[in-house]
Amino acid sequence: MKIKIQDFYIKHNAMLWNKSCEQHRVENTRKIKRFFEYQDIANRYIDEVKEIDVDLFIHHINTVDGLADSTCNRYIAAISGFFKLAVKYGYIKEPLKIKQTREIQTRPRFFTDEEINKVNQILDNSRHPYVKHFFTLGLETGMRKGEILSIGLDKEECKEQNKTYGVISKDRKIVHLYQTKNGHERIVPINKYANDALISLRDKPSLFYTQKSFYNTWRKAKEDAVGNDDNFVFHVTRHTCATTLANDHGVPTVLIAEILGHRSMDTTKRYVHGKQENLSAIMNQLGGISNNRGEKDNAINQ
Numbered sequence: 010m011k012i013k014i015q016d017f018y019i020k021h022n023a024m025l026w027n028k029s030c031e032q033h034r035v036e037n038t039r040k041i042k043r044f045f046e047y048q049d050i051a052n053r054y055i056d057e058v059k060e061i062d063v064d065l066f067i068h069h070i071n072t073v074d075g076l077a078d079s080t081c082n083r084y085i086a087a088i089s090g091f092f093k094l095a096v097k098y099g100y101i102k103e104p105l106k107i108k109q110t111r112e113i114q115t116r117p118r119f120f121t122d123e124e125i126n127k128v129n130q131i132l133d134n135s136r137h138p139y140v141k142h143f144f145t146l147g148l149e150t151g152m153r154k155g156e157i158l159s160i161g162l163d164k165e166e167c168k169e170q171n172k173t174y175g176v177i178s179k180d181r182k183i184v185h186l187y188q189t190k191n192g193h194e195r196i197v198p199i200n201k202y203a204n205d206a207l208i209s210l211r212d213k214p215s216l217f218y219t220q221k222s223f224y225n226t227w228r229k230a231k232e233d234a235v236g237n238d239d240n241f242v243f244h245v246t247r248h249t250c251a252t253t254l255a256n257d258h259g260v261p262t263v264l265i266a267e268i269l270g271h272r273s274m275d276t277t278k279r280y281v282h283g284k285q286e287n288l289s290a291i292m293n294q295l296g297g298i299s300n301n302r303g304e305k306d307n308a309i310n311q
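Numbers given in our numbering equal positions in the sequence shown, counted from 1, plus 9.
Note that these hints are calculated values from the structure, not bench results. Watch out, some of these pointers could steer you wrong.
Unchecked claim - In the SDA-like style, the derived pairs of lysine to any residue whose C-alpha atoms are separated by at most 25 angstroms in a straight line are:
1. LYS42 x TYR98
2. LYS172 x SER135
3. LYS40 x TYR100
4. LYS59 x LYS108
5. LYS164 x ILE208
6. LYS201 x ASN129
7. LYS40 x ASN71
8. LYS97 x LYS179
9. LYS42 x ASP163
10. LYS97 x GLN109
11. LYS40 x ASP205
12. LYS182 x LYS108
13. LYS221 x ARG39
14. LYS229 x HIS258
15. LYS93 x ASP49
16. LYS40 x ARG53
17. LYS127 x LYS229
18. LYS40 x TYR202
19. LYS221 x SER135
20. LYS127 x VAL73
21. LYS231 x THR262
22. LYS172 x LYS108
23. LYS20 x LYS182
24. LYS179 x ILE268
25. LYS108 x ASN82
26. LYS40 x ASP16
27. LYS172 x TYR100
28. LYS106 x ASN71
Start from the sequences, fold in the hints, and give me the full structure.
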């Protein structure tokens, strides 16, 4: 039976994750729709989509959009479930064999001060200087690019489509994010630099954004700043924000997790990088535990 992917979804989506909780169903639906948008897959026949199409999509969201391996694996699980249903209803003979991405537990990359200065200079002189305001917002707030784009969108339309939307407070001290990636509302504090960036973007970043202009500008900035570095992605602004809050301002990990909207503290801990000089200073402040131990014991015995 020939059927286009979009038509199959419309016809059978009620059976996808119908036994899951609402939040899980909504999250997987978002992932499937994002897969549909990639290279217009929605309008292809379901039996014409191959493993290579999924591999290219996963490579794109991993390297271009900067999604973590663990997040990519959740996309793979959602897509696999979709094609298993197509097998069940006889539209394809066997499910796609999609391998999960190996999750390497290393600390994510972060931008150095020198790299930030270089990128700012490059973006200032680019054809699309609005990208610099996105860069500033990412560094100063830790918001994901999608969350930045959600600011100023129509609330009612976003509610209907289960999309994230952000509202700037009247005093311009916070952005209130609704219907976020993990299903919870989030309060994001904004400082002077983030506020200036929002003003430059007319409080609605999506007015300026196109995927082509953004990624072409970002790719050029990456090449000029660091050359060939596949880990130099916009999402690193989020890692950098967390690292700066921890090392330069002493913000506790639990508060950083709240600002970034992490459900797991383990995720936050991976984002936070300890600066060598800070770690050395901490150890020096201990005052020689091993040397003082004998003196303390002697004092006790006396």
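Tested hints:
{"no.": "1", "hint": "LYS42 x TYR98", "in the structure": "holds (20 angstroms)"}
{"no.": "2", "hint": "LYS172 x SER135", "in the structure": "violated (31 angstroms)"}
{"no.": "3", "hint": "LYS40 x TYR100", "in the structure": "holds (21 angstroms)"}
{"no.": "4", "hint": "LYS59 x LYS108", "in the structure": "holds (13 angstroms)"}
{"no.": "5", "hint": "LYS164 x ILE208", "in the structure": "holds (20 angstroms)"}
{"no.": "6", "hint": "LYS201 x ASN129", "in the structure": "holds (17 angstroms)"}
{"no.": "7", "hint": "LYS40 x ASN71", "in the structure": "holds (14 angstroms)"}
{"no.": "8", "hint": "LYS97 x LYS179", "in the structure": "violated (52 angstroms)"}
{"no.": "9", "hint": "LYS42 x ASP163", "in the structure": "holds (20 angstroms)"}
{"no.": "10", "hint": "LYS97 x GLN109", "in the structure": "holds (22 angstroms)"}
{"no.": "11", "hint": "LYS40 x ASP205", "in the structure": "violated (33 angstroms)"}
{"no.": "12", "hint": "LYS182 x LYS108", "in the structure": "violated (44 angstroms)"}
{"no.": "13", "hint": "LYS221 x ARG39", "in the structure": "holds (22 angstroms)"}
{"no.": "14", "hint": "LYS229 x HIS258", "in the structure": "violated (32 angstroms)"}
{"no.": "15", "hint": "LYS93 x ASP49", "in the structure": "holds (21 angstroms)"}
{"no.": "16", "hint": "LYS40 x ARG53", "in the structure": "holds (17 angstroms)"}
{"no.": "17", "hint": "LYS127 x LYS229", "in the structure": "holds (12 angstroms)"}
{"no.": "18", "hint": "LYS40 x TYR202", "in the structure": "violated (32 angstroms)"}
{"no.": "19", "hint": "LYS221 x SER135", "in the structure": "holds (14 angstroms)"}
{"no.": "20", "hint": "LYS127 x VAL73", "in the structure": "holds (20 angstroms)"}
{"no.": "21", "hint": "LYS231 x THR262", "in the structure": "violated (29 angstroms)"}
{"no.": "22", "hint": "LYS172 x LYS108", "in the structure": "violated (28 angstroms)"}
{"no.": "23", "hint": "LYS20 x LYS182", "in the structure": "violated (45 angstroms)"}
{"no.": "24", "hint": "LYS179 x ILE268", "in the structure": "holds (19 angstroms)"}
{"no.": "25", "hint": "LYS108 x ASN82", "in the structure": "holds (9 angstroms)"}
{"no.": "26", "hint": "LYS40 x ASP16", "in the structure": "holds (17 angstroms)"}
{"no.": "27", "hint": "LYS172 x TYR100", "in the structure": "violated (30 angstroms)"}
{"no.": "28", "hint": "LYS106 x ASN71", "in the structure": "holds (19 angstroms)"}
Hints 2, 8, 11, 12, 14, 18, 21, 22, 23 and 27, counting from the list given before, are not met by this structure.
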